[in-house]
Amino acid sequence: MSDRDFVHVLYSDYGATHFLINRDQCPASVYAADTVPMEGGNNYFKEKLIFTSEKSSEQVPLFNLHKFLIKLFRFNSNVESQLVILTPLTLLSEETLSYLKEGPLLELENCRRIGIRISSETIIKQIPLNELQPHSRILRSKLKKSGFPATHPLEGSMGYLINLDKLLAGNEGRR
Amino acid sequence: MNNDEILKQIESNDKVEKDIEVKEELFYRYLVFWIGEQKFALPAEEVHEILTYNEIYFVPFVPPYIRGYANRHGQPYTVFDLQMLFENSGIEGSHLLILKVPNDQIALLISDVDEIVKVPDSKIYSLTSQDETSQYFSGAVNVEETEIFVLGVSKILERLESDIERS
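Chains A and B, in that order, give the protein sequences.
Residue numbers for the first sequence, in this note's numbering: 1 to 175.
Residue numbers for the second sequence, in this note's numbering: 1001 to 1167.
Where hints are given, some of them may not hold.
Said to hold, decoys possible - Capping the alpha-carbon separation at 16 Å, the derived lysine to aspartate or glutamate pairs in EDC-like fashion look like this: (1) LYS1123(B) - GLU1144(B); (2) LYS125(A) - ASP13(A); (3) LYS1039(B) - ASP1112(B); (4) LYS1155(B) - ASP1104(B); (5) LYS1039(B) - GLU1144(B); (6) LYS144(A) - GLU1165(B); (7) LYS1118(B) - GLU1045(B); (8) LYS144(A) - GLU1161(B); (9) LYS142(A) - ASP1163(B); (10) LYS1039(B) - GLU1147(B); (11) LYS144(A) - ASP165(A); (12) LYS142(A) - GLU1158(B); (13) LYS142(A) - GLU1161(B); (14) LYS1123(B) - GLU1025(B); (15) LYS67(A) - GLU80(A); (16) LYS67(A) - GLU121(A); (17) LYS145(A) - GLU1161(B); (18) LYS166(A) - GLU95(A); (19) LYS142(A) - GLU1165(B); (20) LYS145(A) - GLU1165(B); (21) LYS1118(B) - GLU1046(B); (22) LYS1118(B) - GLU1025(B).
Simulated from the structure, these hints should not be mistaken for laboratory data.
Just so it is clear, the structure is predicted and the values come from calculations on it, not from any experiment.
So here's chain A without its partners, still in its complex pose (with noise of 0.2 Å):
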């Protein structure tokens, strides 16, 4: 098997469901102990991190993925999420950066990155392309739509593979 057959994940585990975040979408992660309110946002968006040096200083708007996975999925879930994973803008779609431009993003100046606050119990795995599946045709479409494009299915747990720019964008994100 060649290196094209592999995918680097973050795998992110919650019992009998799991999560995949394909690593090109977070090149850099943090550990996110000290963030500040953020104005605005929505139910998802309540926080950034400041990042400051001397000549500069940035603010990194926080998206609770970790908080929007236990509604969606309705888990019962005591795991702390202090892991931020840390994606550029450029990554995003035009969409998605048009929608977090006229909501969350809209008072943050300077802003390059978003951060993407994750499960405690997120490691980096590498598995094999072919334990991907799609979904099942029928629900193909809104799932793919809805920034879950694959499914990951193992013996005692579901995965669920995760687009962020997707899912960012997506209407549940919103809420």
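We have chain A; now place chain B onto it with these hints.
The following block gives chain B in isolation, referenced to the frame of chain A:
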């Protein structure tokens, strides 16, 4: 008996046999199963496999009559809870019917399997009722004087497609 008489005799017998064949009824095999307290049927050739309880995993953004996904041989199967569709109350199903649906992976959550029956053509009929639920049946079969509705899988899939499109 000369040859002509023999031929006449056997040809006559042959005709009688053919007449009997024509009069013989066609039989079709149906799988009869329980969903809650009610029996339903499906043509046996539409059922691929019966599984005893498999874990079902929640799927978001789908109507409540989609119970979730079942993992069969590493493939996600969409599991329908038809009692939820028909009566708005889910079942505690313990079996899955894996259906033969072209190009998709579809399963029905059922309470139990009843039997496989051979039903003569004369006992298969269309429904005249036009109530809301009957649209999901392709007809009915009469088994031991009991009417059992035959599920119309394509109609059920059309309903889901329509609901997803509108959501």
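Going straight from one Cα to the other, do LYS67(A) and GLU80(A) come out at no more than 16 Å?
holds (10 Å)
Holds or violated: are the alpha carbons of LYS144(A) and GLU1165(B) at most 16 Å from each other?
Holds: LYS144(A) and GLU1165(B) sit about 13 Å apart, inside 16 Å.
Can you confirm whether the C-alpha distance between LYS144(A) and ASP165(A) stays at or below 16 Å?
holds (11 Å)
Would the pair LYS1039(B) and ASP1112(B) pass a check requiring their Cα atoms to be no farther apart than 16 Å?
holds (9 Å)
Is it true that the CA of LYS1118(B) sits at most 16 Å from the CA of GLU1045(B)?
Distance of about 12 Å is within 16 Å: holds.
Do the alpha carbons of LYS166(A) and GLU95(A) lie within 16 Å of each other, as the hint requires?
OK: LYS166(A) and GLU95(A) at ~9 Å, within 16 Å.
Starting from LYS142(A), check that the Cα of ASP1163(B) is at most 16 Å away, please.
Holds. LYS142(A) to ASP1163(B) sits at ~11 Å (cutoff 16 Å).
Checking one constraint from the list: CA of LYS1123(B) to CA of GLU1025(B), max 16 Å. Satisfied?
Given pair LYS1123(B), GLU1025(B) holds - Cα atoms ~10 Å apart, limit 16 Å.
Is the straight-line distance between the alpha-carbon of LYS1123(B) and that of GLU1144(B) 16 Å or less?
holds (10 Å)
Holds or violated: LYS145(A) with GLU1161(B), Cα cutoff 16 Å?
holds (15 Å)
Holds or violated: LYS67(A) and GLU121(A), Cα atoms, limit 16 Å.
holds (14 Å)
Checking one constraint from the list: CA of LYS1039(B) to CA of GLU1144(B), max 16 Å. Satisfied?
Holds - the C-alpha atoms of GLU1144(B) and LYS1039(B) are around 13 Å apart, at most 16 Å.
Hint violations for this structure: none, all hints satisfied.
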